[in-house]
Each structure stands twice: as structure tokens, then as C-alpha cells.
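Participant: Given chain Y's structure and the hints, the job is docking chain C onto it.
Chains as they are written, first to last, in the numbering used here: chain Y, 4 to 350; chain C, 45 to 701.
The reader is advised that the hints may include incorrect statements.
[What the hints assert, rightly or not] Within a straight-line C-alpha distance of at most 25 Å, the following computed BS3-like cross-link-like pairs (lysine-lysine) qualify: (1) Y:K278 with Y:K262; (2) Y:K197 with Y:K254; (3) C:K249 with Y:K319; (4) Y:K236 with Y:K197; (5) Y:K222 with Y:K197; (6) Y:K319 with C:K250; (7) C:K265 with Y:K319; (8) Y:K197 with Y:K214.
[Claimed, not checked] Covered, in the sense of this in silico footprint (three residues per stretch, anywhere, with C-beta under 8 Å from a C-beta of chain C), are these stretches of chain Y: (9) 41–51; (10) 222–234; (11) 307–319; (12) 329–336.
Rather than coming from a laboratory, the hints here were simulated on the basis of the structure. As the structure is a computational prediction, the values presented were derived from the model and not from experiment. Glycine is no exception: its CB is placed at the ideal position from the N, C-alpha and C atoms.
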Amino acid sequence: MSKAQLSVLTAKDFASDQDVRWCPGCGDYAILNQMKKVLAKLGAKREDSVFVAGIGCSSRFPYYLNTYGFHTIHGRAPAVATGIKIANPSLDVWQITGDGDGLSIGGNHLMHILRRNVNVRILLFNNRIYGLTKGQYSPTSEEGKKTPSTPMGSIDLPVTPLSLALAAEASFVARCIDVDKNLVEVLERTAAHKGSAFVEIYQDCNVFNHKAFSFATDKDTKEDHIVRLEHNKPLIFGKNRDKGIRLHNSKPEVVELGKGIKEDDLLFHDEHDEKLAFVLSRMSHPEFPEPMGVYYAVKDACYEDLLQEQIEDAIKQRGEGTLETLLDSGDTYIIESEQDQHGLQKN
Amino acid sequence: MACQPKPESNTNLLSEARTSAVVRFAGDSGDGMQLAGTQFTDTSAIVGNDLATLPDYPAEIRAPAGTVAGVSGFQINISSEDIFTPGDQVNALIVMNPAAFKAHIEDVEPGGIVVVNDSEFTKVNLRKAGYVDGYNPIEDDAVAQKFQLYKIPITRLNAEALADSGLGAKEVGRCKNMYALGLVYWLYDRPLDTTIEFLNNYFGKKKSLPKIAQTNINALKSGYYFGETAEIFTVRYHVPRAAITPGKYRKIIGNEALAMGLVAAAKLSGKDIVYCSYPITPASTLLHTLAQMRHYGVKTFQAEDEIAAVCAAIGASFAGQIGVCGTSGPGLALKAEAIGLAVVTELPLVVVDVQRGGPSTGLPTKTEQSDLLQAMFGRNGDCPVVVLAPQSPGDCFDIAIEAARIAMQHMVPVLIMTDGYLASGSEPWLIPSVDSLEPIQLRHAIDPEDFEVYGRDDRLVRPWALPGTPGLEHRIGGLEKEHLTGNVNYEPENHQLMTMLRRQKVEKVAERIPPVEPYGDAIGELLLLGWGGTFGSIHTAVQRARAAGKSVSQVHLRHIHPMPSNLGEVLRRYKRVLIPELNTGQLRMLVRARFLVDARGVNKIQGRPFLVEELMEAIDLMLADRFGPREFLVPRHHSVRLEDQEYDYSSREKVAT
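Okay, chain Y solo, but in the shape it has when bound (with noise of 0.2 Å):
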């Protein structure tokens, strides 16, 4: 990337020439901006960038971006961005979906683009409600959630995403709020990442699921319900950074400093054990803060890149394959003309 051109494009130009169509005060208005910043910040090329999408609200995302864009079908857009990443390793790939797009219809595809580690970037917006649909609950409901298909509230036990990329295998694994400023921070960490990195981003539905995300929004109360997650650093959190989180028994509590507990009694995070940020990822309000950040970071190899390794080993192993060798692969034999009984032989 020239510095001529980083120095050239701003979140404007990001921007495509369509109106936004989600509803006023949506929290995807605020990822979008967001997301327009942290492209030009990093020099994207919009040319190179390609936001690939399944369907529900947050699936519109990619129209809303002056770069390439598919808005694919439910929940099937980490096949679309498997194949565009296969086809051509070196475009720079972002997947937005939702709580219903990415759990639900598209649970299976999702758990694996993780496992296989394809260069794709994956955010997550979770509303926990059907938005595009009108109202239903999604696999991120809390149980009792009453909606229009549940009256009498919901009966189904909600998917934590995290614990799921986790157990898929996520060499890249976060979360952040839509109006929050680590959303920029995570991006950034998102967007330097090489491999699947999966991002969930609490989004407000303020039509349907309001207020959904309160205690981890609102001014006066949000840091007691929330952890920022610091690799290397302690857990600490509270509005006066009094509280902290501690391995007890291999089980996070929630301890007071002070009072014969000190900072090294804490738990201090580390981005590269899966098994804390497994812990981390089950902590939920109102027991626990939930934890903000980049929860586990590892690097691994991609599969498109295994993929062009094996082409380019094949290749040095057997020769480049041309029409020629394809057409005389095989045992082939020769036959020659009918009065000449002696004609037959092997090639």
C-alpha cells in the first residue's frame, strides 16, 4: 500500500451512492461509520476489499459501501466468501451477518469458515431479535423472551456466539458494542488479523429488542457491568475500577480490591489460551461484567494459502499440467489403420 494512497481516501469515500435504509437510530448506522473510518485509517483499498453478506438487517451492509459487495442468500455468505477467498487469496474479505443470519440458518457454515481458518473477517451484529422479519426471537434471545412467534415467551436456551467460535476453532475471537469505543480498537485488531477472526457487536434494535444491551450502554452504570479485557493486564473493572475478576477453583469470581486483594491476586489476561478465553466467553450479565476485546489471538495457517501451497508442491513434484499432458494422461493406445493387424500397441 503507497502512502500516497492512504493518504488520499477518507471514510467518505467508502461511502456508496445508495440511501442507508435502516430504521433511524439503528445501531448499524454507528458500525457502518465506524467501519467507513477504520478503512481509511488502515489505506484499504477499495478496490481490494470485498463485503460479502447473507440476509436480515445487518446483510445490507455491503450496499452501503462503495466497494465490492455480495448480498448473498440466508445465511450462506461464509461459503460465498470460502469461494471468493479460494478463487483469489488476495482480496481483503469482510463478513457481516446477524444473531438469526449467522446461528441460526447459517450455524453450520459458520462453525466451519472457523475451523478451516480462511482470511475472512466475520462481524457479527447481535440484536438477539429477527429484525427484517418483524420480531421473532433468535438463538441469542434470553429464554422467556416474548415475541410474536413465542406469546407465551420462549422456551429455547440461547447460543453464547463466542463459546461457539471458540469451540469451532477461531484463530481470531472478539466482541465490542456498537457504541462503544473499543469498536474501533476491535476493528483494527479485526483488520490486522490473518486468518478467521470472528467479531460479535452488540447492535440495539431500537425497534424491536430496545435496550436490549442497557447495561452495557448506559453512561452511569455500563463499566460495572463490563470488563475490558487487556492482554497481559489484570481484569479489572467498575466505574471506580475498584473490582476485579479472580480464578477461584478454575472459576471466575468477582472480588473488591483492596481488603488483602491485590492486582496479582487477579486474573491476568492472555489472548493466546483458549481455555481462558473459553471462561471468559461464559461469564454473562448480571452474574458477571461481560468481557470486552479481543478474547483469544493465535496465529495458524489459511486454508486458501494450504491450498495454493499444495497446487504450487504439486506443481514442482509433477510438472505443470498443460493441455498436452491432459490429453495423453492415462494408458493410452495406438491404433492404426484396418489392414494392418500388427498396428496395436501400448503407448
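Facilitator: Quick look at chain C alone, frame taken from chain Y:
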């Protein structure tokens, strides 16, 4: 040939020349019958015979040993003449156990050769095959009178011959297919070289098991010598080489040809093939074959399911390579929504449907043509695609190139409707020269100046603009597109225009399709119209009818949608049209709807190809105007009879196999 021993004794032996022979190997699915059949095929190809094969194996990997369900068979028709089918009636059947005897004896011609491995005709095995206690068919006089029955204790002879091999009884037992093959090689006067070379390469070199290789070779030779010295057979058959076009050949299996065609298309277009697939019988061998071709730049992707496979292929096409996926009927059903996405986004895509018996899981290993209407219409909305069908194993190569060419040049999904019979059947294939393959010319949009995402050329094709191209950034998707700009658009008139454009674009593909030229008479009494894998049976039936002086002609469609532009006019030149299909009449429905022609059908839904005899009977009934009001007839028990058309649906009797 080095390994063809000279007969020493056997002075009464007659050598009889035959123009063709239909040989079938049958045994338990663990008996190695597919390998024996394949070897007989390879040897016969190199000897210069024309040939056609029909493998027939159970869906279960190892059905209970010794049962009829577990029988695996391989039929091959070798000929000194041009042939198109694996043959109706079996001239020589080699069976390794009672279950195989039970499953296949009905297909042997009266007077035909039946070689049985009588070591295996034990009480226990007879019971497993479902014979009543106390009955052994090979001791039955009626059987002995009807066929030339040769009872040979293959298991025992093989074990004795290999007693010094140093291998255990189990490994020795595994060689008995080679013993049987050796015997059949002797009977049909074939050289052993090809198989010896194969055994040395496969067991000796590839698997580093030289001892196993040598033991198999010994079994093969022992079987051959047994035929020569035992003086059991009174006749030895000789099928001379066929008078086929001189040139360079190889034996080709349908799925192999299709894979090669896809790779050729990639080379001809300068694209990578990205083959995305989820394993499914009988399409999996496409994935296996292509996965071995990494050195051709082939990228294979075994997806997590059928939907992911087609979606990844679409992603690959969007990114500028040629996305291909292979599947069978159940998989095509799962891919329907995504194919619609490729239609509306107007991206190239090739989908191969290796058809099998349906509905649902159906008959995974048996052939059928019952996905045609699914291919045509099995999607939501008005959703036209191009539909092609190869007509022989070798034609799979040409059709794959044609499909990729149309998909990329017309920005449209193309469905290739092959079937289980073509996929695993084989024939000698005259290898085309590199120069005879036409390059696939492609144009990509590069200039932002006059770029319109859904602008169109004179063939109504939109530009293929690849991610990575500066200035052409655009968004596509499943929502209706606005004419020219490609933006999302819900206007009523725009939707109608776009629907018509998508339809017209596919119709215009017909402009590049050659007109049909009937085989036979230009104007006549009866036309047989077929498509896909039934070509060989129909062609043979038409040849025979014409040889008998009947005015019967043939048109076989390789392009089903759009159809060749002169088809309607051609159909009207014949007094009657008969459409044989391995379904209940899917092409017939299309033809009647499109051309208002009173086409009739002969329709077989047994998981097997047509017998030529069945078609001959249907031809005669058509020529005699005896179909009456019936739209179609079905063959039952190898015959098409008017009095046999009504099923008694209330009957509780099982249908005999």
C-alpha cells in the same frame, strides 16, 4: 504378447470367432468383481475392441456377505463392430457365490455360458442367498439344460495354486477374482500383459506390496492355465479387433472424462477451476479425480454441505475464476436457492448432476433421468438456466467444455445432466488433438468510463467485472436488480423487464447451438427423440429397426435448454414421435408443452438402462399405432407389452427381482 502361453494339449478345442460378447462378472461386494471387470475392459480396449461397460454395485459398502443385497456385478460388451450399449443379454456369466447366481442368472441368454465357483455353493451360502433348504440351483437339471454350466471350484483351486505363496488364507482368498479373470481371459483369448502390469504397478509399486502383486499374478496365470489344460471348455471365443477409426485412444469412464473436460476448459479459458463439492454417490469420483489434478492448478474444495459447495462455487465465479460443483439429485435440490442467486446476479456457474434413482435418497448407485424437470424448473421464481446432457462417457469431455464456455461467455449457470450409467460406464475414446479444442475467449470489464454493472452486449450478457479492478467497485445480490445500474429495485415494470431479459439471454444461447440433424430419414414414419445417457440403447434400436427396413429415425438432444432452434420443425417431419426416457416422461412433457406434438413415451424406472429389445418392442407398437390412448408404456420383466401395462396396485405380492 509376452505372457500369452501357447495352448499345448486340448486337441478337441474349437476356436469360434464372434463379433461380440457380453460378459458379466458377479460376486459378493468384497469379491473384487469391479476390479476384475475393469481389467477385462482395459485389456479389451488395448486389444482393439469397441466396448461398453455397466458396473452395478450395491449402495452399502459391505452389505451382509453372501446375500443378494450385497451382490456386485460388472458387465462388459466387447465387439469387433461399432457398439453403443453394454448389451441386453449376457453371453457369459461368471458368478462367485449363490447370491450372485440368484441375482444375475435371469439375464443370461439361453445356451449361454455360466461359470460358477462351486466351492461357495455350500448349505450356508445357499441359505444366505435365500434358496430353500435342500435346493442347489447348480444341481438343478433345468438349469444345466438351459445353460452351458461350468462348475469350477475357484476358491479351492485358487487356494491350492497359491499354497506356497507364504500368505495367509485370507489374503490368498482375496486373489480368487484374479483366478476367475485368468480363466475368462483364456476363454476369450485375451493377453495377460495389461493386468500383470497393473498388478505390478498397483500392489508392487504404489502400495509397496510386491508379494501381494506376485501372488495375484500367480492367481491370474493359474486361472488361465486351468482353462487351457483342464479341457472343460469345448469352445474358445475370439472377438477380433474392431474396425474403428485409427488414432490414439484410451479407455475413458464418464466421470473421468467430465473431470478432464473441466480441466481442459480451464486451460482453454486461462481460468482456474474451483471445484466445490460435497461427497455424494455417484458424483464423488469427480471430486476424487479433480483432487488429484492439483498440478493443473485445480482447486478442489470439499464443502461442509451441498449448499456451501454451490455457494463457494458462486463466490469463486464472482472473484473471477470458474466455479463448478458436482452433485446428484438430492444435492441439486439443496442447491436450488443458490442457483437462483447465480441466475439473478448473472454469474457463471457449472453444476453437474450425476443423476440417480429418486425421489429422496432413492437408489444411490443406480441410474435414472428423473432430475430433468428439477434442473429446468426446480427453483423459486422464473429462473432460467442452460441445461446440457452428455450422451456417452466420452461425450462428457466435450459437454464439460461446452458448459464452461456457455457459463462464462453468457454469464449464466449451466447444468450438466449426466447419470450413474454414464458416470461409471466406459468406452474407448479417440483422444482429441489439442488444436481441435477451441479457445474460450473471454472479456472482462476494465474501463470505469462506460461501465454499467447490468449493461448488456448484443447477446444480452452483462460484463464480468472482477474484484481487484480499480474503479469498477459494485454490489450485487439476490434482490431484484435495476436495469443497467444493478442497484436494488422493486419497481413493477423493472421486475418484468429483468425477468424477460434473463429469459431472453438464455434463449439467445440457442444461436450458438448447431441445428439437429436426424439420423435416418429426413421425413419418416417414426422419430425416436432422446437425451442423455440413453443414446446408446436408442441408437442401437434405431439401427436394427432400419436394418429391418423400418422407417425409424433418431434425434438425440445434448442441449435441452435452450433447445436447438430447428427442433420443432424437425419433429413435424415424422408421423410419430417416441421419447424413451428413464423417468415417467419429463422430456415428453417439455416437448408436448413447447411444440404441441403428440409425442408418446417408453419409460423405464428400474434404475437400469434400456435394453435394446425393450425399445425394439416399443418401436413396433408405435409403428403399428397400437399405443391407443396411452401416453407411454413401461417395460416389465425385460419386455414392453400392451397387456402388461396395468399394475394391480392392491396386490400384496412382492415383485420378483
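Participant: Please go over all the hints and tell whether each is borne out by the structure.
Facilitator: How the hints compare with the structure:
1. A hinted pair counts as satisfied when its Cα atoms are at most 25 Å apart, and Y:K278 with Y:K262 does not qualify at roughly 29 Å.
2. Distance hint between Y:K197 and Y:K254 is unfulfilled; the C-alpha atoms sit about 31 Å from each other, more than 25 Å.
3. The hinted pair formed by C:K249 and Y:K319 meets the criterion: a straight-line CA distance of about 21 Å does not exceed 25 Å.
4. With a C-alpha separation of about 24 Å, the suggested pairing of Y:K236 with Y:K197 holds against the 25 Å cut-off.
5. Of the supplied pair hints, the one linking Y:K222 and Y:K197 is violated, its CA atoms being roughly 34 Å apart against a limit of 25 Å.
6. Between the alpha carbons of Y:K319 and C:K250 the distance comes to roughly 20 Å, so the proposed pair stays at or under 25 Å and holds.
7. Of the supplied pair hints, the one linking C:K265 and Y:K319 is violated, its CA atoms being roughly 40 Å apart against a limit of 25 Å.
8. For the given pair, Y:K197 sits about 34 Å from Y:K214 by alpha-carbon distance, which is inconsistent with the 25 Å threshold.
9. A count of 4 residues in the region 41–51 of chain Y with a Cβ less than 8 Å from any Cβ of chain C is obtained; the coverage claim is therefore met, three being the minimum.
10. Residue count for the region 222–234 of chain Y with a Cβ under 8 Å from a Cβ of chain C: 0. That is fewer than the three needed, and the coverage hint is violated.
11. Requiring three or more residues with a Cβ within less than 8 Å of a Cβ of chain C, the coverage given for the region 307–319 of chain Y holds, as 6 such residues are present.
12. Chain C is given as covering the region 329–336 of chain Y, and this holds because 8 residues of the stretch bring a CB closer than 8 Å to a CB of that chain, at least three being needed.
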